[in-house]
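S.K.: Sequence:
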Amino acid sequence: MRIHHPFVALLLSCAASLAQADTLRCGSQLVSVGDRSFEVLQKCGEPAFRDLVGYSLGPYERREYKIEEWVYGPDGGMLSILTFEGNRLRTIERQRSD
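Residue numbers for the sequence shown follow numbering that gives the first Met the number 0, so the first one is 0 and each next one is one higher.
Keep in mind that the hints were calculated from the coordinates and are not lab data.
The structure presented is a predicted model; accordingly, all values stated were derived computationally and were not measured.
Possibly wrong hints are sitting among the right ones.
[Said to hold, decoys possible] Beta-carbon label-pair distances, calculated as ranges:
#: 1; residue 1: 54; residue 2: 31; range: 19 to 29 angstroms
#: 2; residue 1: 40; residue 2: 96; range: 18 to 28 angstroms
#: 3; residue 1: 59; residue 2: 95; range: 34 to 44 angstroms
#: 4; residue 1: 37; residue 2: 90; range: 17 to 27 angstroms
#: 5; residue 1: 89; residue 2: 24; range: 14 to 24 angstroms
#: 6; residue 1: 29; residue 2: 65; range: 17 to 27 angstroms
#: 7; residue 1: 96; residue 2: 58; range: 33 to 43 angstroms
#: 8; residue 1: 60; residue 2: 28; range: 33 to 43 angstroms
#: 9; residue 1: 63; residue 2: 90; range: 12 to 22 angstroms
#: 10; residue 1: 60; residue 2: 95; range: 34 to 44 angstroms
#: 11; residue 1: 59; residue 2: 25; range: 26 to 36 angstroms
C-beta: ideal position from N, C-alpha, C; glycine also.
Just need the whole structure built from these sequences, with the hints factored in.
M.R.: Listed below in structure tokens is the structure:
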């Protein structure tokens, strides 16, 4: 079976747009998944946008954790979307700004 190169390129470009990273560069500093929110503020400054997404139950459903998204950018046409659960950075997403 023959695979057409344009089709493969399209699939790879779609996957790349949904990619998540483990680190984000803020000037000469790096923030990583697992960092605390105050560390991200020290390294990156205030985000352009902050949104309370909701709450999550913690281990054994005894505690609730606040879930927030912080948006930085656009930087080179890309937005960086950081998701915090409780006080910890859980995901870093890069998305092309429109």
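S.K.: A separate judgement is required for each hint: does it hold in the structure or not?
M.R.: Checked hints:
no. : hint                          : in the structure
1   : 54 <-> 31: 19 to 29 angstroms : holds (24 angstroms)
2   : 40 <-> 96: 18 to 28 angstroms : holds (22 angstroms)
3   : 59 <-> 95: 34 to 44 angstroms : holds (40 angstroms)
4   : 37 <-> 90: 17 to 27 angstroms : holds (18 angstroms)
5   : 89 <-> 24: 14 to 24 angstroms : holds (19 angstroms)
6   : 29 <-> 65: 17 to 27 angstroms : holds (24 angstroms)
7   : 96 <-> 58: 33 to 43 angstroms : holds (36 angstroms)
8   : 60 <-> 28: 33 to 43 angstroms : holds (36 angstroms)
9   : 63 <-> 90: 12 to 22 angstroms : holds (19 angstroms)
10  : 60 <-> 95: 34 to 44 angstroms : holds (37 angstroms)
11  : 59 <-> 25: 26 to 36 angstroms : holds (35 angstroms)
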